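K.L.:
Chain by chain, the residues:
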Amino acid sequence: QKEVEQNSGPLSVPEGAIASLNCTYSDRGSQSFFWYRQYSGKSPELIMFIYSNGDKEDGRFTAQLNKASQYVSLLIRDSQPSDSATYLCAVNPMGGYGNKLVFGAGTILRVKS
Amino acid sequence: DGGITQSPKYLFRKEGQNVTLSCEQNLNHDAMYWYRQDPGQGLRLIYYSQIVNDFQKGDIAEGYSVSREKKESFPLTVTSAQKNPTAFYLCASIGVPKNIQYFGAGTRLSVL
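Line by line, the protein sequences give chains A and B. No gaps in the numbering here: position 51 of the first sequence is 713 in the working numbering, and each next residue is one more. No gaps in the numbering here: position 76 of the second sequence is 82 in the working numbering, and each next residue is one more.
For the record, the hints were derived by calculation from the structure and aren't laboratory data. The reader is advised that the hints may include incorrect statements.
Under the rule of at most 20 angstroms between Cα atoms (straight-line distance), these lysine to aspartate or glutamate pairs were calculated in the EDC-like manner [what the hints assert, rightly or not]:
1) K762(A) with E21(B)
2) K704(A) with E30(B)
3) K762(A) with D60(B)
4) K15(B) with E707(A)
5) K762(A) with D65(B)
6) K63(B) with E665(A)
Since the model is a prediction, treat every value here as computed from it, not as a measurement.
Sequences are here, hints too, so could you generate the full structure?
P.N.:
Put into structure tokens, the structure is as follows:
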């Protein structure tokens, strides 16, 4: 069983719609959760991180964490063609400084204009 | 500008050759990481180092070696024992207090 699972997609949404990306993880003791965006041929860039249950909003992005159900999601409001990319979910299963992140394989998002 | 610098951007390896990928950071971060990414795949951890002169194997360390003689530098050597080295290699470092990993621009390695 993979430790961090994401639907590979592609997820296609029209411009202006809400894109919803989901991620489940297997280690119930996981402490921190990250969403990275990766454009084709480029390195990942951090867009959101969340540590506590509930929602965290930053501009058009909202991260949602539910530790009891072991999932974390990313909502992108007013999706733009420039949001088309692969979104990687990453989990820090041990907490603490400098420990490993476990990455999902990523979800491809396509925003159609 | 502060950041993580990887070089070269593209690298070609001949059969039986060892090659070294450079990773330098001026962020004063203690922990550094090397990942490998294959097409359509997530990131897989090769090696990581939390302090100078110390490093640990990740999930796919076979055929790779690292050193951490300076805080700023964490070079990765892809040895001839790595039979399928073609991939995108990413270096990352992590800072306090938010424990967030930041990535370099990557090195794309191909076999001639």
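K.L.:
Please work out if K762(A) and E21(B) have their alpha carbons no farther apart than 20 angstroms.
P.N.:
violated, 31 angstroms
K.L.:
Compare the distance between the alpha carbons of K63(B) and E665(A) with 20 angstroms, and conclude whether the hinted pair is satisfied.
P.N.:
Holds. K63(B) to E665(A) sits at ~18 angstroms (cutoff 20 angstroms).
K.L.:
Is the straight-line distance between the alpha-carbon of K15(B) and that of E707(A) 20 angstroms or less?
P.N.:
holds, 17 angstroms
K.L.:
Hey, K762(A) versus D60(B), does the alpha-carbon distance stay inside 20 angstroms?
P.N.:
Measuring from Cα to Cα gives roughly 15 angstroms; hence the hint holds.
K.L.:
Can the restraint linking K762(A) and D65(B) be considered satisfied, given a maximum Cα separation of 20 angstroms?
P.N.:
Within the cut-off at roughly 10 angstroms; holds.
K.L.:
Taking 20 angstroms as the top limit, are the C-alpha atoms of K704(A) and E30(B) close enough?
P.N.:
holds, 18 angstroms
Comparing the model with each numbered hint stated earlier shows that hint 1 is the single one that does not hold.
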